[in-house]
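Heads up: the protein sequence lines correspond to chains A and B, in order. If you count the first sequence from 1, position 34 lands on 34 in my numbering, and the numbers rise without skipping. Position in the second sequence counted from 1, then plus 269, gives you my numbering.
Possibly wrong hints are sitting among the right ones.
Partner residues aside, some chain B positions facing chain A, computed with beta carbon under 7 Å [as the list claims (entries may be wrong)]:
id: 1; residue: N381
id: 2; residue: A388
id: 3; residue: G390
id: 4; residue: L404
Treat the hints as calculated values from the structure; they're not laboratory data. Every residue gets a Cβ at the ideal spot worked out from N, C-alpha and C, and that includes glycine.
Next come the chains, spelled out residue by residue.
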Amino acid sequence: MATPVDNLLVEFRNVSYSVPANSNPIISNLNLTVHEGETLVLLGESGCGKTTTLKLVNKLYLPTAGDVLVKNKPTTEWDSIALRRSIGYVIQEGGLFPHFTIARNVGLVPSLFKWDEQRIRSRVSELLTMVGLEPSRFAERYPRELSGGQRQRIGVARALAADPALLLLDEPFGALDPLTRLSLQKEFAQLTKKLGKTVILVTHDVREALLLGDRIALMHAGEIVVLETPQGFVSSQNEKVKAYMDTLEVAGSRDRENQPTLDREEETI
Amino acid sequence: MNFWQFLQQNWPELLTLIRQHIVLVLASIAIAVVIGVPTGIALTRYASLRSPILGLANIMQTIPSLALFGFLIPIPFIGGIGARTALVALVLYSLLPIIRNTVTGVLAVDPNVREAAIAMGMRDGQVLRQVELPLAMGVIVTGIRVATVIAVGVTTIAAAVGAGGLGVYIFRGLRQYDNNLLLAGALAAALLALVADFLLGLLEQKLSVDGKTQKLSMVQKLLLGIIAITIALGAVASLKNRTSQSGASGERRIVIASKDFTESIILAEIAAQLLEARGVSVERQFELGGNLPHEALLSGKADLYPEYTGTCYAAILHHQPVSDPRRVYDQVKQEYAINFNLDISQPLGFENTFAILVRGEDARRLKLKTISEAAPQTPKWRAGLGQDFMSRPDGFPGFSKTYGLKFSEVREMDLSLTYIALSSKQVDLIAGNSTEGRIAKLDLVQLEDDRHYFPPYEAVYVVRKNAISPDLNEVLSKLVNAISTEQMRELNYDVDGNKRDVKEVVREWITKNGK
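Construct all of the structure, not just a fragment, from the sequences and the given hints.
Printed below as a string of structure tokens:
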């Protein structure tokens, strides 16, 4: 599928973010560019500011200092509604509306754009097929009737509905069992590459970061400590990176030669 | 008469009361929802308003309902007597649960879901209408359900301001010590509350997110069917009953009020029937609690009601009690004309003063004739006294001081219950009414007020001067000195003791006395 060539990229210029109640800034002096078509992973432990960084992009938060630019325009100058509708957003469990059918959930942003019903319906079918769910079986069900993995697929389908150039994902695969997670991660990587989407993904799972990221930004205490390609990340001498790599050794010592990065090589088309 | 026979005889009236009750509850809840839900939503947006507004709604709920009615009566537009005042009070009572549950329900929506909605690019109104309200609906309906059940209960008190409803039976039952009336009123109110609770429970189940795919159970369907049929039959019967009741309406119209005890109702009914006999259209606003009839006359909501000179003198004009009937009458008439622009009719011929009553057996055994003779006994006695007697200026404090009475116990209770309490030896002395029909029936003896403590209580009508017409003057002049104390006792006993219909008893009295 051909994607329109888009200039969209995200740029953080000396961005800080803090809340009045807390003297320590959540984000301090962050600089980062996200290039079109790449998948950037924000990796870090809880409270490091990675989710906040994500929410600065779609204007759920405004920076207290510096500028977040989307398509070369600071978010402060964007109309929040227009900005958010042009960005896909996926959170854990998809953040689906429990009282909407799957079809209504997926068709949400198109309906906000006031597409006609027929167009929404065919787009929903297309998307459900794309994420591997049979439309006739799933369209009229409710989220609670689906498994965690199926809900997550719906979350991705909903984010893609209006064909946004940029996707933001916050721990999208966190609540899944390891096998489902792995197959969804692979499918997701294929899909976004095929569609040429720019992706910013937040995770605390270094395996996921290595599997999905074109670049990995390791965050700690509101700052980016390391920004590397997966290859560069694996060989980095940074203490934090080493600590992360150690967790992999413990968890996956049995399949050391079968490293996540290799998985990914096989997957990419 | 057993309960079944009672129902057979009175079902048309009972249905009318149930209809009035339902209409009051539905209307007040509808208004409270229209006000409460948007207020609740606003409070989720403006957190700083939350505690003051919820606090205010909370205070509303703690105001005793009768007091609230009292405040409302003199207020123009929303006050007065009748359904409107009751509605205002009911709405005020219903607001708290509805506002509170709206706030709770909206705030309890999963923050991830709300955030997803915002991040998808929904506007605030869209988030509210499409996400927050549907997800909060179950909790909001729970609030409406609570408010409705409370309203069914509070509506029984609406009868005190002439708004009708099942409270009419409950108040009347208390007054006449009639278990059938009490049971009919209370049972019907309880059933209404249960039905409302059940129906709104179904709605709540349907609207809560988890109930989406739940089907009604067999029992629920059955109950729903029974309720639907009952409501349909009741509506048909009650409407039929209503059309047959609404009779001629003349161009002259006079509103007659009464207090909430039998004698006042009988006297009001006498005036009503005599006026109707002259072709005057009469609206009856009977059984109003406390001083509501007086307030109703002042605000022009009613034109006439039966009263006692001593009550006017002490309770309304706040004078110290005196014992000369002439002086009391003249002064009341003069001050009412100046202060209130109200007229006092000529006395009707009997007095209804406080009667200090003891059991006949005690009076005979201890040879008691006067209150002074009974005073030494009082440390061994328990007194049963109505709320009115406890609080009024010519009531208990001065009374016990004048005679030096010291009771072992003073029980404050509903006046109409004191007679039964005395005869069943729950108490040993009561302050009843001298015209009470049950005095002879229960073998009670009235002790003489030998120190002339009680002021005169001559029965009169209080009339709005603007309402005076030749017909009314004629009726009032016919009633001057027309009712003796014995006749009044008989009339009271016919209604309270023999459980006869007031209208019938009054019609009979008018015919017999050629009025």
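Hint check:
{"no.": "1", "hint": "N381", "result": "5 Å, holds"}
{"no.": "2", "hint": "A388", "result": "4 Å, holds"}
{"no.": "3", "hint": "G390", "result": "3 Å, holds"}
{"no.": "4", "hint": "L404", "result": "6 Å, holds"}
Hint compliance for this structure: every hint is met.
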